[in-house]
Amino acid sequence: MISALCLGLLLFIPVCNSFVQGGPSPLSVYALRLGPGEEILTSLFKFVKEKRLKAPFVITCVGSVTKATLRLANCDALNTNEIIHLRERLEIVSLVGTLNEEAHLHVSLADKIGKTIGGHALGDLEVFTTAEIVIGELSNLEFTREMDEHTGFPELVISPRSQNVTGV
Amino acid sequence: MISALCLGLLLFIPVCNSFVQGGPSPLSVYALRLGPGEEILTSLFKFVKEKRLKAPFVITCVGSVTKATLRLANCDALNTNEIIHLRERLEIVSLVGTLNEEAHLHVSLADKIGKTIGGHALGDLEVFTTAEIVIGELSNLEFTREMDEHTGFPELVISPRSQNVTGV
Amino acid sequence: MISALCLGLLLFIPVCNSFVQGGPSPLSVYALRLGPGEEILTSLFKFVKEKRLKAPFVITCVGSVTKATLRLANCDALNTNEIIHLRERLEIVSLVGTLNEEAHLHVSLADKIGKTIGGHALGDLEVFTTAEIVIGELSNLEFTREMDEHTGFPELVISPRSQNVTGV
Numbered sequence: 001m002i003s004a005l006c007l008g009l010l011l012f013i014p015v016c017n018s019f020v021q022g023g024p025s026p027l028s029v030y031a032l033r034l035g036p037g038e039e040i041l042t043s044l045f046k047f048v049k050e051k052r053l054k055a056p057f058v059i060t061c062v063g064s065v066t067k068a069t070l071r072l073a074n075c076d077a078l079n080t081n082e083i084i085h086l087r088e089r090l091e092i093v094s095l096v097g098t099l100n101e102e103a104h105l106h107v108s109l110a111d112k113i114g115k116t117i118g119g120h121a122l123g124d125l126e127v128f129t130t131a132e133i134v135i136g137e138l139s140n141l142e143f144t145r146e147m148d149e150h151t152g153f154p155e156l157v158i159s160p161r162s163q164n165v166t167g168v
Numbered sequence: 001m002i003s004a005l006c007l008g009l010l011l012f013i014p015v016c017n018s019f020v021q022g023g024p025s026p027l028s029v030y031a032l033r034l035g036p037g038e039e040i041l042t043s044l045f046k047f048v049k050e051k052r053l054k055a056p057f058v059i060t061c062v063g064s065v066t067k068a069t070l071r072l073a074n075c076d077a078l079n080t081n082e083i084i085h086l087r088e089r090l091e092i093v094s095l096v097g098t099l100n101e102e103a104h105l106h107v108s109l110a111d112k113i114g115k116t117i118g119g120h121a122l123g124d125l126e127v128f129t130t131a132e133i134v135i136g137e138l139s140n141l142e143f144t145r146e147m148d149e150h151t152g153f154p155e156l157v158i159s160p161r162s163q164n165v166t167g168v
Numbered sequence: 001m002i003s004a005l006c007l008g009l010l011l012f013i014p015v016c017n018s019f020v021q022g023g024p025s026p027l028s029v030y031a032l033r034l035g036p037g038e039e040i041l042t043s044l045f046k047f048v049k050e051k052r053l054k055a056p057f058v059i060t061c062v063g064s065v066t067k068a069t070l071r072l073a074n075c076d077a078l079n080t081n082e083i084i085h086l087r088e089r090l091e092i093v094s095l096v097g098t099l100n101e102e103a104h105l106h107v108s109l110a111d112k113i114g115k116t117i118g119g120h121a122l123g124d125l126e127v128f129t130t131a132e133i134v135i136g137e138l139s140n141l142e143f144t145r146e147m148d149e150h151t152g153f154p155e156l157v158i159s160p161r162s163q164n165v166t167g168v
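Protein chains in written order, with the UniProt record's numbering: chain A, 1 to 168; chain B, 1 to 168; chain C, 1 to 168.
The hints are simulated quantities; they were obtained by calculation from the structure and are not laboratory data. Where a beta carbon is used, it is the ideal one built from N, C-alpha and C, also for glycine. There's no promise every hint is true.
Said to hold, decoys possible - With a straight-line Cα cutoff of 30 Å, these simulated DSS-like cross-link-like pairs (lysine-lysine) come out:
| id | chain 1 | residue 1 | chain 2 | residue 2 |
| --- | --- | --- | --- | --- |
| 1 | B | K115 | A | K112 |
| 2 | A | K112 | B | K51 |
| 3 | B | K51 | C | K67 |
| 4 | C | K51 | B | K115 |
| 5 | C | K115 | A | K54 |
| 6 | B | K115 | C | K54 |
| 7 | C | K51 | A | K115 |
| 8 | B | K67 | A | K112 |
| 9 | A | K115 | C | K54 |
| 10 | C | K67 | B | K115 |
| 11 | B | K67 | A | K49 |
| 12 | C | K49 | A | K67 |
| 13 | A | K115 | B | K54 |
| 14 | C | K51 | B | K112 |
| 15 | C | K112 | C | K51 |
| 16 | C | K67 | A | K49 |
| 17 | B | K54 | A | K51 |
To be verified - Rough simulated footprint, nothing fancy, chain C against chain B, three-plus residues with beta-carbon under 8 Å:
| id | segment |
| --- | --- |
| 18 | 66-74 |
| 19 | 85-92 |
| 20 | 100-107 |
| 21 | 147-158 |
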């Protein structure tokens with residue numbers, strides 16, 4: 001019993017500290033333009049679902065928004081952090097992250113004096129004039145999320161893509 | 001007459017709110033290094049023209065500049081917004097967007113205390129020590145721009161690439 | 001003697017002002033997830049070495065850190081600039097650059113009020129909850145670095161990949 005526990009701990013530690021990885025994979029790429037009033041996260045979720053993307057991520061995004069809801073830094077699972085609702089015209093100067101069912105996107109936005117504000121994109125990214133977005137899809141990998149007890153969040157798992165799934 | 005107008009409105013709304021999209025496309029990738037004194041936008045335009053790129057965009061860019069001219073947020077076609085001319089050494093911490101004839105690039109730049117300033121790159125991005133830039137080109141798509149009366153700007157249009165153009 | 005000097009100057013100017021470039025290249029792509037306590041630069045160097053990547057760069061990165069050591073702007077070879085050691089939870093809102101043996105990465109990080117700070121990533125980027133990173137590798141190019149007397153730094157050189165190297 002004790003030795004099984006020790007073995008468990010021994011096995012556990014490397015898994016905890018080693019990184020999860022996948023590739024090399026070929027890449028398929030999509031480009032989108034969203035127009036005034038469209039919400040970026042909703043549009044991306046819809047796009048990923050329609051195209052049945054399995055391992056998508058943002059390559060680049062340029063545009064402007066009239067709103068944004070961000071969760072700021074210093075957040076952990078027990079002490080959920082400040083959420084801010086911006087209501088002003090902002091330029092998108094970065095949008096980074098992965099786009100599977102539970103997307104993980106961070107954004108930085110520049111205001112009318114050039115000051116940038118950044119954090120975890122929760123939604124409400126309503127396009128002002130345009131959003132031009134390039135999406136990459138890893139052809140032979142699959143992104144899923146599993147609850148990670150060390151972080152309290154569902155974290156990215158990278159797997160080889162199942163080749164024999166019927167109908168996909 | 002009225003019904004034609006109604007039909008026009010009905011047809012108009014989905015076009016306005018639906019997004020323009022293209023892909024999946026294979027990707028060709030280029031890497032560049034610009035040296036001291038080179039201007040980033042001019043160099044990218046020249047590169048895109050020389051290589052006859054049809055659907056290019058920035059994948060990543062790292063480097064430093066001695067100047068930058070940025071158009072700040074809160075800009076619309078009727079009320080053109082503040083333009084600032086920065087004259088200091090700045091680190092490029094993001095450069096995002098598409099690179100067809102009328103490129104649409106946003107940048108964020110960090111100063112000597114780490115403060116970042118961001119906006120629409122208008123030009124004057126003169127390299128201080130280096131700029132390492134990776135450019136993606138979507139092999140089967142083409143980026144053009146058409147005036148969008150809803151925004152007052154020429155906005156991105158994504159089309160399948162013409163296969164039968166002579167001499168290209 | 002004078003004409004040789006003139007020739008030298010004539011040859012020098014175009015080299016100084018022309019950019020170094022490579023491509024088009026196909027792209028192979030890798031995805032990683034780093035967990036709590038892992039250091040991003042160390043993990044990326046290890047990954048690049050293990051996979052024997054020759055022309056790697058960051059496509060996207062999303063995550064959070066508890067620390068960061070950044071070299072701020074206004075740095076040149078003679079007047080090495082301020083280095084700051086951040087010790088707080090920060091969201092990664094951009095990570096840009098190339099990843100050969102002497103990587104060149106810039107980062108911008110958002111704090112608990114959304115304020116972003118950016119600069120050259122020197123190390124110490126210890127993961128708080130997660131870091132999801134997508135790495136591109138240019139299949140037919142190779143990145144090396146050579147000292148550039150105009151900048152005082154080892155700068156990026158982009159070369160066609162040697163096809164006949166034994167054992168690679």
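For each hint, the structure was consulted:
no.	hint	in the structure
1	B/K115 with A/K112	16 Å, holds
2	A/K112 with B/K51	36 Å, violated
3	B/K51 with C/K67	42 Å, violated
4	C/K51 with B/K115	35 Å, violated
5	C/K115 with A/K54	33 Å, violated
6	B/K115 with C/K54	33 Å, violated
7	C/K51 with A/K115	39 Å, violated
8	B/K67 with A/K112	19 Å, holds
9	A/K115 with C/K54	37 Å, violated
10	C/K67 with B/K115	17 Å, holds
11	B/K67 with A/K49	42 Å, violated
12	C/K49 with A/K67	43 Å, violated
13	A/K115 with B/K54	33 Å, violated
14	C/K51 with B/K112	36 Å, violated
15	C/K112 with C/K51	36 Å, violated
16	C/K67 with A/K49	36 Å, violated
17	B/K54 with A/K51	23 Å, holds
18	66-74	violated (count 0)
19	85-92	holds (count 5)
20	100-107	violated (count 0)
21	147-158	violated (count 0)
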